[in-house]
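> Spelled out from the first residue to the last, the chains are:
There are 2 protein chains.
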Amino acid sequence: MEKLEKLILVTNDDSVNAKGIQSLVEIASKHGRVVVVAPDKPQSGMGHAITLNDPIRLTPVSVFGDIEAYASSGTPVDCVKLAIYEVLKRKPDLVLSGINHGENSSTNVLYSGTMSAAIEGAMEGLPSIGFSLSNFSPEADFKQYESFISKIINNALLNDFPKFTCLNVNIPNIPGSQIAGISVCTQAHAFWADRFDKREDQFGRPYYWLTGEFGEVNPRVDSDLYALNNGYISIVPTHFDLTNYAVLDQIKNWKL
Amino acid sequence: MEKLEKLILVTNDDSVNAKGIQSLVEIASKHGRVVVVAPDKPQSGMGHAITLNDPIRLTPVSVFGDIEAYASSGTPVDCVKLAIYEVLKRKPDLVLSGINHGENSSTNVLYSGTMSAAIEGAMEGLPSIGFSLSNFSPEADFKQYESFISKIINNALLNDFPKFTCLNVNIPNIPGSQIAGISVCTQAHAFWADRFDKREDQFGRPYYWLTGEFGEVNPRVDSDLYALNNGYISIVPTHFDLTNYAVLDQIKNWKL
Chain A
1 MEKLEKLILV TNDDSVNAKG IQSLVEIASK HGRVVVVAPD KPQSGMGHAI
51 TLNDPIRLTP VSVFGDIEAY ASSGTPVDCV KLAIYEVLKR KPDLVLSGIN
101 HGENSSTNVL YSGTMSAAIE GAMEGLPSIG FSLSNFSPEA DFKQYESFIS
151 KIINNALLND FPKFTCLNVN IPNIPGSQIA GISVCTQAHA FWADRFDKRE
201 DQFGRPYYWL TGEFGEVNPR VDSDLYALNN GYISIVPTHF DLTNYAVLDQ
251 IKNWKL
Chain B
1 MEKLEKLILV TNDDSVNAKG IQSLVEIASK HGRVVVVAPD KPQSGMGHAI
51 TLNDPIRLTP VSVFGDIEAY ASSGTPVDCV KLAIYEVLKR KPDLVLSGIN
101 HGENSSTNVL YSGTMSAAIE GAMEGLPSIG FSLSNFSPEA DFKQYESFIS
151 KIINNALLND FPKFTCLNVN IPNIPGSQIA GISVCTQAHA FWADRFDKRE
201 DQFGRPYYWL TGEFGEVNPR VDSDLYALNN GYISIVPTHF DLTNYAVLDQ
251 IKNWKL
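Protein chains in written order, with our numbering: chain A, 1 to 256; chain B, 1 to 256.
Do not rely on the hints blindly, as some may be mistaken.
Per label pair, the in silico range of CB-to-CB distance [as the list claims (entries may be wrong)]:
1. P60(B) <-> L157(A): 51 to 57 Å
2. Y245(B) <-> G212(A): 26 to 32 Å
3. G204(B) <-> E68(A): 53 to 59 Å
4. L52(A) <-> K143(B): 38 to 44 Å
5. K151(B) <-> K163(A): 37 to 43 Å
6. P175(A) <-> K151(B): 56 to 62 Å
7. K163(B) <-> D141(A): 36 to 42 Å
8. F214(B) <-> A246(A): 24 to 30 Å
9. S147(B) <-> E68(A): 53 to 59 Å
10. K151(B) <-> L4(A): 53 to 59 Å
Under the rule of at most 27 Å between Cα atoms (straight-line distance), these lysine-lysine pairs were calculated in the BS3-like manner [said to hold, decoys possible]:
11. K30(A) <-> K255(B)
12. K198(A) <-> K89(B)
13. K255(A) <-> K163(B)
14. K41(B) <-> K252(A)
15. K198(A) <-> K41(B)
16. K151(A) <-> K30(A)
To give an idea of the interface, some chain B residues facing chain A are shown, with a C-beta separation under 10 Å as derived from the structure [as the list claims (entries may be wrong)]:
17. M115
18. L167
19. S183
20. C185
21. R199
22. Q202
23. R205
24. P206
25. Y207
No lab work stands behind these hints, which were simulated from the structure alone.
Ideal Cβ placement from N, Cα and C applies to all residues, glycine included.
Here chain A stands alone, though its shape is the one from the complex:
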């Protein structure tokens, strides 16, 4: 009996035209048949947004050569939904998102369109992985990390992938030859101390650019930030149950 080829959905939040998704498609193609459904424009910081009040477009594109690919006007999460329910003829064996131009470690997982797409895959009950590189440059060299990315994809396809869970993979911004290894760790508790850059437009009206500084709140040696700072690729198994079980009894004792 012929072995069924693995079907791999690839998406991201930097758009079909980003270098990061080009590299991920190339790497993923060695593991199965790839179909791409990704945003038609950059959607960084989109979080788990979905498009409720506008129609969504879906257009075939040829930017990945022979590989079936579509650009969508929707968010990264919309792309996963569209792929599963409109584009693919069966549920994919694996959902890959990225490679993001920029880090999505620690609490950035909440803001990240890349990781929200992977979380959406987990909500669909599918093995899903989000990849991010700690380098915002549009010209970042992603292929130097191919052996690590391939190893993670291989493990995801061959092992029993935990249900309703995705992996948040971050790669530190050091040469591929200097990567110390791969570390399975927990989401760091970090925090953006936000600032706004206040400016005036040509009519003297104020506008703001979001900016800020990132720092760890409670540093821990088992966190993804610790792993990245020590030259490791971090993997955080990530789920979508946000219940804070530790404080349930405390709230139950309120006079409600």
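Chain A is already provided as a structure; the job is to place chain B on it using the hints.
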């Protein structure tokens, strides 16, 4: 010594013009000084999106009478950041989001702009609560639930509020007089079986509307959906550590 009046930030995702925030501002005003920073247009389904690639506007508005209020072009999460870092002179004692026109129970917490604003408040280390009513009507009667909402706000102000946690409060769509009580519970594992309504525009080009059906995957009696279905207001203590600790060892055993 005079007791310092509580400072309460109110936001939402349905915009400053929604009836739900009008009701929440009226109720919150009985508990302290309210300042409103909320979106200038509906932002439902915005999740934890932030505005990175556009400037953000912030405009004083008078829709709440004497209460200091601003409409922002940003997302609900942007509104919380802007309020804390640009508008308020000190950290608020409480962040309230809502009252949302529509339910944000179970996994909807991830898609919800209302709840993402409350989660952002929690990330800032502030006591934060998101309120939602299981009724999408713009004309829903929110004031009939005032006694319950006031009780929850009172408890949040008087008790030791768990740090880095917010409350996801959902109100079932039944008359206030029939509410059975308030139940502290866990996030249900529910799931949108998505469908897309595919149509053609005037040029024959396809477009899609996101739609779908919602259902519980693993029904549990301690879930928020169970509480709502039994006439209770549900409260889920919600945090932002998405690590799936239960599968850490399983992934550590992979050949990475």
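> Does each hint hold? Answer for all of them.
For each hint, the structure was consulted:
{"no.": "1", "hint": "P60(B) <-> L157(A): 51 to 57 Å", "result": "holds (55 Å)"}
{"no.": "2", "hint": "Y245(B) <-> G212(A): 26 to 32 Å", "result": "holds (28 Å)"}
{"no.": "3", "hint": "G204(B) <-> E68(A): 53 to 59 Å", "result": "violated (22 Å)"}
{"no.": "4", "hint": "L52(A) <-> K143(B): 38 to 44 Å", "result": "violated (26 Å)"}
{"no.": "5", "hint": "K151(B) <-> K163(A): 37 to 43 Å", "result": "holds (38 Å)"}
{"no.": "6", "hint": "P175(A) <-> K151(B): 56 to 62 Å", "result": "holds (58 Å)"}
{"no.": "7", "hint": "K163(B) <-> D141(A): 36 to 42 Å", "result": "holds (41 Å)"}
{"no.": "8", "hint": "F214(B) <-> A246(A): 24 to 30 Å", "result": "holds (28 Å)"}
{"no.": "9", "hint": "S147(B) <-> E68(A): 53 to 59 Å", "result": "holds (57 Å)"}
{"no.": "10", "hint": "K151(B) <-> L4(A): 53 to 59 Å", "result": "holds (56 Å)"}
{"no.": "11", "hint": "K30(A) <-> K255(B)", "result": "holds (19 Å)"}
{"no.": "12", "hint": "K198(A) <-> K89(B)", "result": "holds (16 Å)"}
{"no.": "13", "hint": "K255(A) <-> K163(B)", "result": "holds (19 Å)"}
{"no.": "14", "hint": "K41(B) <-> K252(A)", "result": "violated (36 Å)"}
{"no.": "15", "hint": "K198(A) <-> K41(B)", "result": "holds (22 Å)"}
{"no.": "16", "hint": "K151(A) <-> K30(A)", "result": "holds (12 Å)"}
{"no.": "17", "hint": "M115", "result": "holds (9 Å)"}
{"no.": "18", "hint": "L167", "result": "holds (7 Å)"}
{"no.": "19", "hint": "S183", "result": "holds (8 Å)"}
{"no.": "20", "hint": "C185", "result": "holds (8 Å)"}
{"no.": "21", "hint": "R199", "result": "holds (7 Å)"}
{"no.": "22", "hint": "Q202", "result": "violated (13 Å)"}
{"no.": "23", "hint": "R205", "result": "holds (8 Å)"}
{"no.": "24", "hint": "P206", "result": "holds (7 Å)"}
{"no.": "25", "hint": "Y207", "result": "holds (4 Å)"}
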